[in-house]
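K.L.:
Quick mapping for you: the protein sequence lines, in order, are chains A and B. Those letters in the first sequence? Residues 2 to 530, by this note's numbering. Those letters in the second sequence? Residues 120 to 606, by this note's numbering.
These aren't lab readings, by the way, just hints derived from the structure by calculation. Since this is a predicted model, take the numbers as computed values, not measurements. Mixed in with the good hints, there may be bad ones.
SDA-like mimics (lysine to any residue), calculated; alpha carbons at most 25 Å apart, straight line [stated by the list, open to error]:
#1 B/547 <-> A/23
#2 A/296 <-> B/415
#3 B/547 <-> A/157
#4 A/105 <-> B/415
#5 B/547 <-> A/346
#6 A/105 <-> A/25
#7 A/162 <-> B/557
#8 A/105 <-> B/480
#9 A/28 <-> B/557
#10 A/162 <-> B/533
#11 A/162 <-> B/415
#12 A/105 <-> B/490
#13 B/319 <-> B/300
#14 A/28 <-> B/494
#15 A/28 <-> B/554
#16 B/319 <-> B/479
#17 A/28 <-> B/556
#18 A/296 <-> A/414
#19 A/162 <-> B/554
#20 A/162 <-> B/300
#21 A/162 <-> A/346
#22 A/296 <-> A/275
#23 A/105 <-> B/174
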Amino acid sequence: MGGFPILSLMLAVPLVGAIACLFLDAKPARHVALAATLINLGLGIVLWMNFEIGGDQWQFQEYHELFAGFAYALGIDGIALMLIMLSVFLMPICIGASWDAIQKRVGEYMAAFLFMEVLMIGVFAAQDLFLFYIFFEAGLIPMYLIIGIWGGDNRIYASYKFFLYTLLGSVLMLIAMFWMVNQAGTTYIPDLMMTDFAAEAQTWLWLAFFASFAVKMPMWPVHTWLPDAHVQAPTAGSVILAGVLLKLGGYGFIRFSLPMFPDASAQFVWLIWGFSMVAVVVTSLIALVQHDMKKLIAYSSVAHMGIVTVGLFAFNVQGLEGAMMIMLGHGLVSGALFLCVGVIYDRLHTREIDRYGGLSINMPAYATLFLLFTMASVGLPGTSNFVGEFLALAGIYQINSWVAFVCTTGIILGAAYMLYLYRRVCFGEQKNADAAAMPDLSMREYLLLGPIAAAVLWMGVYPESFLAPMREDIAWLDQRLAEAEPESDAHLTMTDAPAQEEVRTMTGDEMMEASLDGPPPAPPEGEAQ
Amino acid sequence: MDLMASLAIITPEIILTVTGLLLLLAAAWGGDRASRMISIAAAVSLGSAFAIVAPRVCAGAAGMDTMAFGDLFRADAFAGLAKLMIFAAAGATIVIAPRFFDRVANMRAEYPILVVFAALGMSIMVSATNLMTLYIGLELNSLAAYVLAAFLRDDERSSEAGLKYFVLGALASGILLFGMSLVYGFAGTTNFIGIAQAVKGDLSTGMLFGMIFMLAGLAFKISAAPFHMWTPDVYEGAPTPTTMFFASAPKVAAVALLARLMMEAFGTQIDAWRQVVIAAALLSIIIGALGAIGQSNVKRLLAFSSINNVGFILIGLAAATVAGISAMLVYLAIYVVMTVGSFVAVALMRDADGNPLEGISDLAGLSTTRPVLAAVMAMLMFSLAGIPPLFGFWGKFVVFQAVVEADMLALAAIGIAASVIGAFYYIKIVKVMYFDEPAGTVTGEGDTPHWALLGICAVIISPLGYILTPWLGNLADMAAASLMLPA
Chain A
2 MGGFPILSLM LAVPLVGAIA CLFLDAKPAR HVALAATLIN LGLGIVLWMN
52 FEIGGDQWQF QEYHELFAGF AYALGIDGIA LMLIMLSVFL MPICIGASWD
102 AIQKRVGEYM AAFLFMEVLM IGVFAAQDLF LFYIFFEAGL IPMYLIIGIW
152 GGDNRIYASY KFFLYTLLGS VLMLIAMFWM VNQAGTTYIP DLMMTDFAAE
202 AQTWLWLAFF ASFAVKMPMW PVHTWLPDAH VQAPTAGSVI LAGVLLKLGG
252 YGFIRFSLPM FPDASAQFVW LIWGFSMVAV VVTSLIALVQ HDMKKLIAYS
302 SVAHMGIVTV GLFAFNVQGL EGAMMIMLGH GLVSGALFLC VGVIYDRLHT
352 REIDRYGGLS INMPAYATLF LLFTMASVGL PGTSNFVGEF LALAGIYQIN
402 SWVAFVCTTG IILGAAYMLY LYRRVCFGEQ KNADAAAMPD LSMREYLLLG
452 PIAAAVLWMG VYPESFLAPM REDIAWLDQR LAEAEPESDA HLTMTDAPAQ
502 EEVRTMTGDE MMEASLDGPP PAPPEGEAQ
Chain B
120 MDLMASLAII TPEIILTVTG LLLLLAAAWG GDRASRMISI AAAVSLGSAF
170 AIVAPRVCAG AAGMDTMAFG DLFRADAFAG LAKLMIFAAA GATIVIAPRF
220 FDRVANMRAE YPILVVFAAL GMSIMVSATN LMTLYIGLEL NSLAAYVLAA
270 FLRDDERSSE AGLKYFVLGA LASGILLFGM SLVYGFAGTT NFIGIAQAVK
320 GDLSTGMLFG MIFMLAGLAF KISAAPFHMW TPDVYEGAPT PTTMFFASAP
370 KVAAVALLAR LMMEAFGTQI DAWRQVVIAA ALLSIIIGAL GAIGQSNVKR
420 LLAFSSINNV GFILIGLAAA TVAGISAMLV YLAIYVVMTV GSFVAVALMR
470 DADGNPLEGI SDLAGLSTTR PVLAAVMAML MFSLAGIPPL FGFWGKFVVF
520 QAVVEADMLA LAAIGIAASV IGAFYYIKIV KVMYFDEPAG TVTGEGDTPH
570 WALLGICAVI ISPLGYILTP WLGNLADMAA ASLMLPA
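This is chain A alone, in the form it adopts within the complex:
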């Protein structure tokens, strides 16, 4: 790709679209927004195709000095590439989901979404610490407006909660950033990732970053903004929230907390595990008793994110890869589930589970797709989430079998609440005449759900496509973590050293195991690393 500034272009296209949408009427605004997001999807595909797997760690770099030691530095590694792909993939779907559902202030709505897209790509592509912060924080404004203007009845409370929670989380991170930059003398993220901060300082810095990422993630004690925000946001807002914004927390851990403060990460590992275990079990149980479909899916997100954090802090390749796969898979699946809720919400204008029933009779196509996403959320082999959850749990099992045990119950509980939801919505008798009269999916809805279904299956059957670009980066991170901190030996050492070695060599093939469930094409490249 030579020196072609494709990342800047990906920022510029939605930005121009957003500004145009502000001045347009409803109809042209929709088309402009769709065109801008589709162009960005196209650019994203070009980006992926030109990404050299096994090439430089950082690709498509752009660097311009700005001021005050601040630089416009963009560049991506495999991890960022995958998350950018997730963003650009979900964006046109969000626009499509809002096509008919949003009728007031369409221009502003589309502009807000396009601004979100700029900021999300910016977060993943930023290589300057403060540039990252600006993108990270600026997302508050459009999301606040999306929830507040186009949200449900209790939207104002939800928008306040979202805004203040996340702002409080991230301001402390800013102070930590100042300190780091002061200490390291650079704002360049790749350099900072190799800087070894003093152990005591790491503790504080880690906590400051943790405050921010834990809220975004969201982790268990600070997750309460999420159900409110999700329930009140319009469908597309929920998709973006679940699909991409929640990934900012995980991305933050993998890009900042782990490589920059490895010692502190090891030190706080029980904090993370503890919160994650509680999240997996408690929020799954909460999800089980929800009456509101969106709230149920929101709580399930918290539970899934618990497995992500456990995987991230497993300090090994499987855990990290698993966490990334769950993030990608969850982005697709929960986005799709919110769309499924949106489909029936648009018809009946209620999210009460009890109002529905027996939809498989009058909406067979809908029920089929909904079943696919339900199964993907449960982690059925052959779908995206299975790969991620399996890897993450395999990763954590090597370190601590009890944590793995507790987190695995989350899968069982996940099956419980998702299947229970599905049974109540799609099976059983048709309690409600209005619900029974609802038409099946329209062409537009097929176009929204179809691509996600394809991606979910692709990721489940042949995860190598998604793991390959990230492999080098995760290996680098694993090495960085291993160097700084020998693995926590909290796991049971019943056997002696050689057996442990055996486990270590075996782990390279986890990938194979993961894809064994899919049809024939078992990738031999698994051994490459």
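Following the hints, complete the assembly by docking chain B onto the known chain A.
P.N.:
Then chain B, alone, in the frame of chain A:
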């Protein structure tokens, strides 16, 4: 130092003095009919003073050449940068005043003249390097300001505001004078450099008292907590253009004065005053944020917002480094733009007859009835809350960066965490404008000067403002470096 050289240094002040006096004569002669001409002349004189100061700031004037009258007065880059902000804010006040007064009473010819005198007083304040000059400047500004607050004689709230401002301002001046007399008594000189010599080494108890009293007196003037009580009442009661003026120019002047006094006269005793400044800063941030939450009047809310912002400005001063002072100046500059913008937006809130509206509830649904005004107001609010990518973020950014560099992490952490409380009421305004059903009361049209001013402010606080940062940062660095810090 000969007289002519000194006079050359104070050219901007001479211009303001002479125009002020001449315009006073013209007003006596022409009455209120001349108010338009007088406004224009006043604005022109402020503009020419601005034009004379600007090159000095850009050149980074510092050192002996900037001293006038045997170091009673110093026109260095630091003073210059503050003067630029003061003159700009005063000019903006004169621009928006006629339209406001036309509605409630006739525009009176004295208004622009008082603004000019107030600006002159402030211009002397920021250049003061001697307790005498300091006090002359301060009182010239204050006396003009008292009248400006009470300018609507028939309006009870305005009279009340003027009276309150006068009584409390006089008290503050008294406290300040008392502190000055103690400092003089223990130092034997009123000159800042002389004081710096006298406090080198040990700080005597009397000197400490004098310093604290001076700090308290100046804290009144910048409405820093715990000396902020007058602010909401005065801001609410005073006519909107006056409130805009109070919230911008005198803050700049008093903060600059405080910074010069602390850094030049007491620069060797940083530990003695830093704790006071830190306490005032944190109290201001917290009180400004909490106090604003229950407000229903936009002007009162902005008053608390200004208390809140002073806290952040003082955090820059508390760093007590050149970087800290520079950050403080950058913050001040951005703050002035945001304040002027907010009050111009408030001035544009009018009902169909052109009467000013001030209730937050009047803003309800503004985004559907007046989308442009609402969008700019929302930008201003997010900017005041310090949310990137708006320019208000940059002010907080540089201030906290300076504090972290000065290794005051606890202050930084507490200050920035408290800023989240402030965000609550800023986003409340956005909520009222965007999420609520339209109240439909704001229907009046604005005029060109208002929209032009608002447009300029909006462009500066938008992300485009970041283009200014290298230039602004450079100016602020030079200005901060021009302070004569005691070795």
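K.L.:
Compare the distance between the alpha carbons of residue 105 of chain A and residue 480 of chain B with 25 Å, and conclude whether the hinted pair is satisfied.
P.N.:
Holds, at about 22 Å.
K.L.:
Mind checking the alpha carbons of residue 162 of chain A and residue 415 of chain B for me, to see if they're no more than 25 Å apart?
P.N.:
The hint holds at about 21 Å.
K.L.:
Need the status of pair residue 296 of chain A, residue 415 of chain B: alpha-carbon distance at most 25 Å?
P.N.:
Given pair residue 296 of chain A, residue 415 of chain B is violated - Cα atoms ~34 Å apart, limit 25 Å.
K.L.:
Regarding the pair residue 162 of chain A and residue 554 of chain B, is the alpha-carbon distance no greater than 25 Å?
P.N.:
holds (15 Å)
K.L.:
Check the hint pairing residue 547 of chain B with residue 346 of chain A against an upper bound of 25 Å on the C-alpha distance.
P.N.:
violated (29 Å)
K.L.:
Please verify whether residue 28 of chain A and residue 554 of chain B have alpha carbons no more than 25 Å apart.
P.N.:
Answer holds: residue 28 of chain A to residue 554 of chain B is near 23 Å, not above 25 Å.
K.L.:
Need the status of pair residue 296 of chain A, residue 414 of chain A: alpha-carbon distance at most 25 Å?
P.N.:
Since the Cα atoms of residue 296 of chain A and residue 414 of chain A sit roughly 16 Å apart, the hinted pair holds (cutoff 25 Å).
K.L.:
Is residue 162 of chain A within 25 Å of residue 533 of chain B, Cα to Cα?
P.N.:
Distance ~21 Å between residue 162 of chain A and residue 533 of chain B Cα, so the pair holds.
K.L.:
Need the status of pair residue 162 of chain A, residue 346 of chain A: alpha-carbon distance at most 25 Å?
P.N.:
Judged against 25 Å, a Cα distance of about 24 Å means the pair holds.
K.L.:
Holds or violated: residue 105 of chain A with residue 174 of chain B, Cα cutoff 25 Å?
P.N.:
Not OK: residue 105 of chain A and residue 174 of chain B at ~51 Å, beyond 25 Å, violated.
K.L.:
For the pair supplied as a hint, residue 547 of chain B and residue 157 of chain A, confirm whether the alpha-carbon distance does not exceed 25 Å.
P.N.:
Satisfied, since the Cα-Cα distance of roughly 10 Å is no more than 25 Å.
K.L.:
Please work out if residue 28 of chain A and residue 556 of chain B have their alpha carbons no farther apart than 25 Å.
P.N.:
holds (24 Å)
Violated hints, in rising order: 2, 4, 5, 16, 20 and 23; the structure is consistent with all others.
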